[in-house]
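Peer 1: Order-wise, the sequence lines are chains A and B.
Just so we're aligned: 24 in this note's numbering is position 24 of the first sequence, and the numbers increase by one with no gaps anywhere.
To convert, take the position in the second sequence, counting from 1, and add 1000; that gives this note's numbering.
Any given hint could be a false lead.
[Stated by the list, open to error] Here are the simulated lysine-lysine pairs, DSSO-like style, with alpha carbons at most 30 Å apart:
hint	chain 1	residue 1	chain 2	residue 2
1	A	126	A	137
2	B	1112	A	760
3	A	490	B	1112
4	A	463	A	541
5	A	803	A	541
6	A	649	A	578
[Unchecked claim] Sample of chain A residues with no beta-carbon within 12 Å of chain B, all distances over it, derived:
hint	residue
7	338
8	430
9	457
10	467
11	680
12	740
13	777
Hints were generated in silico from the structure; no laboratory data involved.
A virtual CB, placed ideally from N, CA and C, is assigned to each residue, including glycine.
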Amino acid sequence: MTYENAQILVVDDTESNRDVLSRRLTRQGYTVDSASGGEEALAMIEKNNYDIILLDLMMPGISGLDVLRDVRKTYSASVLPIIIVTADQGRRAALETLSCGANDHVSKPIDYGILMARVNAQLDRKIAETKLAEINKNLEARVQERTKELHQTNQALHNEVSEKEKAEKALIENQVQKNAILNFTLNSILVTDMHGKIEFINRSGERMFGSSLSTVRHKDISELFANGASFLEEINKISKNQLATGFHRDLKAMRDDGGIFPVDASVRQMESDDGTKLLFVIADATERVEAQEKLRQSEMHYRELIEQLPAPLYVQKDDVILFTNKKAVELSGAKSAKALVGKNAFDLIHPQDKATIRQLQKQASTRKGATKLVQHKSVTLEGKEYWCETGIKPFIWNGEKAFLVFSNDITSKKQAEGEKVMLEHQLRQSQKIESLGTLAGGIAHEFNNLLMVIGGFIHRAVKYSNSSQTVIESLEEAEKATHRATSITKQLLVFSRKHVQQLKTTEISSQLTDVESMLMPLIGEKIQLILELSDKKLCAKIDPDQFSQAVVNLTINARDAMPSGGDLIWRLKKKNLKTAKKTFLGEEIPANSYVVFSVIDQGEGIDSETLDKVFDPFFTTKKAGSGTGLGLAVVYGFVRDSGGFIDIKTKSGKGTEFTLYFPQSKEKIETPIKPIAKEVKGNGETILLVEDEDALRSLLVGDLESIGYNVISAEDGLDGLEVEGSFDGKIDLLLSDVVMPGVNGPEMAQALARSRPDMKIIFMSGYAMQDGTNKLNIPKDTLILSKPIDTKTLAERIHAVLKESTVEINGD
Amino acid sequence: MDTYPSIKTEMPSESVEHVCLLVVEDSKQMRKVLQSMLSEIGVNQVFLAKDGAEALVFLADCDDMIDAVFCDWNMPIMSGVELLRQVRSVDAEMPFIMITGRKDENSVLEAKAAGITGYMTKPFSLNELESKVKAIARLSAVRRDGLL
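In isolation and in its complexed conformation, chain B is listed as follows (with noise of 0.2 Å):
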């Protein structure tokens, strides 16, 4: 480490203190240890919404203030991937990270088709979830100073 003092900086800007996230999962339970796991890493804004249609009404209000969303594949009535759909129809790049219980490569390739930005498998370890976080949080600073 002393031999490279310069090779990593953090910036205050990329702090996951920062980052506010929408949460998209039916059952009520997860949605509890993905609140309060979040929140263990040190994000602060997190709203909840527990299907599809609720996360559809929240982006069209809060699409701006919204870092990432973080979705349950399967879920009733709208799936992870049709939420998804509706996503990107208006907004291309917003980060989408969809939670599956499964890592076969059909999945995972339908995911991305539809235009994930990235996948975490069920079950996750804290630490998983934290380098997602963090790697949002950077991207979010990389493109907040972009439009300045």
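Just chain A, with the same shape it has in the complex (with noise of 0.2 Å):
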């Protein structure tokens, strides 16, 4: 730019102004434009590149200092100068424009010396200051070439700079990081040279050996360890290769105290710039140990729980035995639990209920719970049988489906179940015995009397009969039944113990011998007796004539056992028990010293439902006719009554052993008493007899007198203090029944025998008065006779007692 093509505007409301501005500065060289007001000028400006304005300050529309607002907008004061040409009195106005931004100002009038001056000096400025800027752009992009230059070369060397610093880093962090992991391990780790001298140990090690680096150094590895000799020696001998990869050992590590704990050793071999070193990892063992130790106690606890528990147990899996305990060995029999485990369980349970058992697993695969206990047989491996309670319970073992089998051995229950039956069994047997022997004595005893009544007038219509001889004969035949039926009601009285018994001291095998001879012509040819007789003279207190009897009907009934023949036993000893025996009805042999006779037979033997009925009366397994089925009940009421017990052996097909315990007696042996051969008579001696059954009263009376005697009698008890009462006469015997209605036979006696202390009695009874004596006050030596009893007997008995009077008076 220079001044000749500067480019100027001029701006003034007034044309002459305008023109005068124009014409001076073209006339100076410069281009110039002119605009009327300010709308026009800022048009031009927006058009043209001017490189100075003038400015009038007054004029209408847009006035000169909005148009100077407006340009500075977008030009600066360098670029775009400015001159205010405004009137004088604008001064204030003038100044204001300056400070927006306006170059310079020139007053109205115009001096247009100053007015050029003032152009060229903006001209000029603005000149320079365009140069300044150009050089200023090139100075500074050269100055920025340079900065970027320089720039690249920081950046590179500023890369530099942070790779070396990264790395530096990295090895500091690497550093830090094994020094933690050395020091903040729980591990011991120690390095040795290849003796075992201790080089390094960390912080853990420290702590746990007790020993810092200074104390440690120059220690031996080996003095770490309890036997860390042996240890070191096991390091030396081991292969290079083996120790490279490094080796593990469970130790007993040593504190500085003293203290010991168990650790876990690891070695390996290293090399490091010093050379070939060996490197020690030492864990704590102490809670692993411990743990392992308590697992292993909590492990045997349960184990221990399993196997003492009494009752068998079973884990059971597609019916093989997987696992069982202590129990269940032993009662299966087995040898060890592994003889059992693997074995089929069904094995172990008997036959007859493996489909229970089947029925049982299927019930338990179907729930979750344990099914209820069923009872059932089991057998060991053996084969022997024995009682269980079994439950099922489904389970997972070894996270498989399995079952739980849970047992329970009820073989001594069940043994006692089945004694209780026996017992209660023996009981019954012995309840109905009793009843039965109560109907057959009051049977027997109703019937006695009746039969002494018709024995007694057949006898007697006999005796006197002038009638032909049928008439006697059927009279005799009668009489033959009568004394039968009579033997029947006898038998049943002994059954029945309600018999008199005349117990006696006896000799048994010389009673036995006397049997022998009578029985051998009904023994018969087929069977052989023989006699097993104790050498010792053995005595019991018995009836002799009932143990007779007892012998016959058991060896009759061994007889009848074996109808082919064989061998017939009577065997004969003493026997000392000991302990008390039951029977096998159950009554109790207590201990004491026997006579003990056994009848053994060789026959088939007597099935369990006959021995219940054995003693029953009037029960016979023999034809019709040819038994009465009162036998064993006889001999069963003489034994007991003898105070003795009585037992049965019986196998099936080998034969039946009877066998009568008697109290061995260490009495003197009483001589039998000789019957009297001829009949007895009286001797018109006065008797009172009192018997309240008429038929009976009338028969005896008739007897008494028909064989001498003088008889008074009386009805019942207060009847026979009537009579006596009476009776101004001796009277020498008074003959009684025992139980009458209203006064009984021994109250009225007592009252007889205040006024009458000479007169003998002797009682009759249909039952046997042992244990009534006292309660009936019958004094202890009167002798009672026990009905039926036949004239014969009675006419001996009461000549006997009369006998005796006279032999006592005289005496006297």
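Reconstruct the complex from the two isolated chains, following the hints.
Peer 2: Shown next, in the form of structure tokens:
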């Protein structure tokens, strides 16, 4: 830009002013445009690139100030200088324009010299500024270029530096990590030379062993272990290869204070700058070992619980035993659990119960809980039977469905139940025998009186009969039948134990010899009677006649048990029972010395059903008519009444043994009363007969009178007193029934004895009076005859009693 | 009698004087007759009841002082057998003599089954009554001594 081509815009609303200015400026060589108003001026500034603007301030429309403000928004004062042309009086306004960005101002009226100078100055400044700007621009470009270069160099340098820093940092971090690992691991880390001399120990090591590096240094690694020497030896022995890969041992380590604790020690060889070293990593195993110990104990407790359980337990899958306890092994008869595991569980179930257990298993598989307990028979491996109560519960064993079979040995319980059933049975048996006895006794007693009457009258009828032979024979037949009936009632009384026994201390073997001779013809040829009699003289207090009867009955039974013959043994021996023993009926034989007599046959034995009824009166297995069924009933009654016991042992197909136990008697043997051969007769002695049974009374009166006695009779106790009271003569004997309605025999006898102390007394009774004597107040030595009694015997007894009295009187 | 000096002895405790009897009889006339007969024999203590109910009331109080009951079988409301059963239910031993007009076997059996101690058939003589009372006196003496 030069002055010459400088473009100037003149802005003035007054045309004359514009012209004058334009001309003057053009003369100076400038290119001049002009604008009449602000609006026009702004438009022109927009279009053209003016170097300077001369701006009138006072214009209509847009004022000069507005134009100035507008232009300055776009162009700075140095780019487009603006000189304000204003009237002198607008000095204040001119000053204001300067603050708004005007470069200079010229007052009106214009001094063109000053104006030109000022325009030139502005132009000079502008030119200079432009030039400076250009220089600056160049300079800056160069500086920028240089700066860029510098920056690049710097960047390169910086990159280099950060790489290095990073590497350094990584290095540091690595070291820190290593240190951290070394020092914060719970394991002890030690480095030793190849001889075990410690060169490094980490902090955990110090803590673990209670030593610092300083105290440990130059110590030997072997000193850290309870048996370190051998550990070191082992290290020395093993191959390089193995040492390079490392090996591991469980050891006992030793602290400074001598405390011993378990450790896991690993050793490996490592190469370092200083040569080959040994690296030890030692972990404190106290917790692990303790935990293991706890686990082991806990396992042991559970194992022990299961093993010591007094009930058998099995784990079973697909019928195979997978696990079992001690009790199960014991019960199964296996040698060990190993012998049982793997076996089929059903091998231990009794064949007849296998289906039951199978069913139980089926039940168990469809439910969650255990099944109910089922009683069944089990077998040991050897096939021995025992009773179990078993339940099954499904459960998971080693991750698979299996059965837990829990059982209970109830063999002894079952046995006890069996015993209870047997005892109950025995009790029922003995109760049955007792009630049968009562019934039989009652019937027999009633019949005895009647049979005595019938028999007595028949006897008398025969004696005094003048009738034909037919009548006599008929009567005799009737008499025989009466005798048979009497014998039956007598046997019934024996069975019912209401019979009066004549107990005498008897030597049994001699009694047996007597019976033997009588029995021989009955036994027959097919049967061999073998006598096994003790040499000793064994005595018991029994009724010898009853005993003989019992032996006959037992022997006949034994004979009948062996229709095709065999050995029949009589065995007599002494037996000391130290402890009480029970018979098959459940009766207890107390400890005592017994004379034991057995009759043994080789027959078919007795089945249990028959055995239950064996003593029942009228029970017989023999053909109708060949036995009364009273034989064994009589034996039973006799034995029990003698204070003895009877037991039966029988085995199917082998035979039967009847054994009689009599308490051994040490008393002197009584000689049997010799029967009086000739018929005894009375000598006119007076007998007071008291009997409530009318028929019997009249029979007895007749009989006694017929053999020479004077008889007065009464029908009951009170009547007896009356009869005696009104009889003034001597009464030698009172023959009285015991049980009578109203006043009984003994009471009456007592009243009678007051007025007649010399009168002898004989009682007659249908019942055995042993038990009742005291209750009825019968004097101890009074003779009691058991009904029925035949005339002959009665006569003998009366004779004996009256004779006794005579002897006594004579003795006085 | 001289041959057998000690065959029979009367004991003072067996005297009828000590006997105490209860007579149960519905007929007033019969009661009078019985009372005079007993008095003739020597029984001083005789109580009279006109029927079973009166007898039971008396026995309930004085059971222990009575040695025997003499009772008519045939009475209205409560028969002699019925009274006997009532007595037996509390006292099994009290001597009970039934006085009856019938002596057929069935009647006697019935009375025996019910538990009579003895019976007397009407009409009876003074001797018969005395014999009975004496027997009762002796029985009572034995029983009393037994209790001592």
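Peer 1: For every hint, state whether the structure bears it out.
Peer 2: Hints, verified against the model:
The straight-line distance between the Cα atoms of residue 126 of chain A and residue 137 of chain A is roughly 16 Å, inside the 30 Å bound, and the hint therefore holds. A C-alpha spacing of about 28 Å is found between residue 1112 of chain B and residue 760 of chain A, which places the hinted pair at or below 30 Å, so the restraint holds. A distance of roughly 28 Å separates the Cα atoms of residue 490 of chain A and residue 1112 of chain B; the hinted pair therefore holds under the 30 Å criterion. For the hint linking residue 463 of chain A to residue 541 of chain A, the alpha-carbon distance of about 40 Å lies beyond 30 Å, and the restraint is violated.
For the hint linking residue 803 of chain A to residue 541 of chain A, the alpha-carbon distance of about 28 Å falls within 30 Å, and the restraint holds. A C-alpha spacing of about 20 Å is found between residue 649 of chain A and residue 578 of chain A, which places the hinted pair at or below 30 Å, so the restraint holds. With 12 Å as the threshold on Cβ separation, the claim that residue 338 of chain A sits away from chain B holds: the shortest Cβ distance comes to roughly 82 Å. Distance check for residue 430 of chain A against chain B: the nearest CB is about 32 Å away, which clears 12 Å, and the non-interface claim stands.
Chain B leaves residue 457 of chain A outside its interface by the beta-carbon criterion, the shortest separation being 19 Å against a cut-off of 12 Å. Every Cβ of chain B is farther than 12 Å from the Cβ of residue 467 of chain A; the closest lies at roughly 29 Å, confirming the non-interface assignment. For residue 680 of chain A, the requirement that its beta carbon stay farther than 12 Å from each beta carbon of chain B is met, with the minimum near 23 Å. For residue 740 of chain A, the non-interface assignment is contradicted: its Cβ lies about 10 Å from the closest Cβ of chain B, within the 12 Å cut-off.
The claim that residue 777 of chain A is not at the interface with chain B is violated, since a C-beta of that chain comes within 12 Å of its own (minimum 8 Å).
In summary, the numbered hints that this structure violates are 4, 12, 13.
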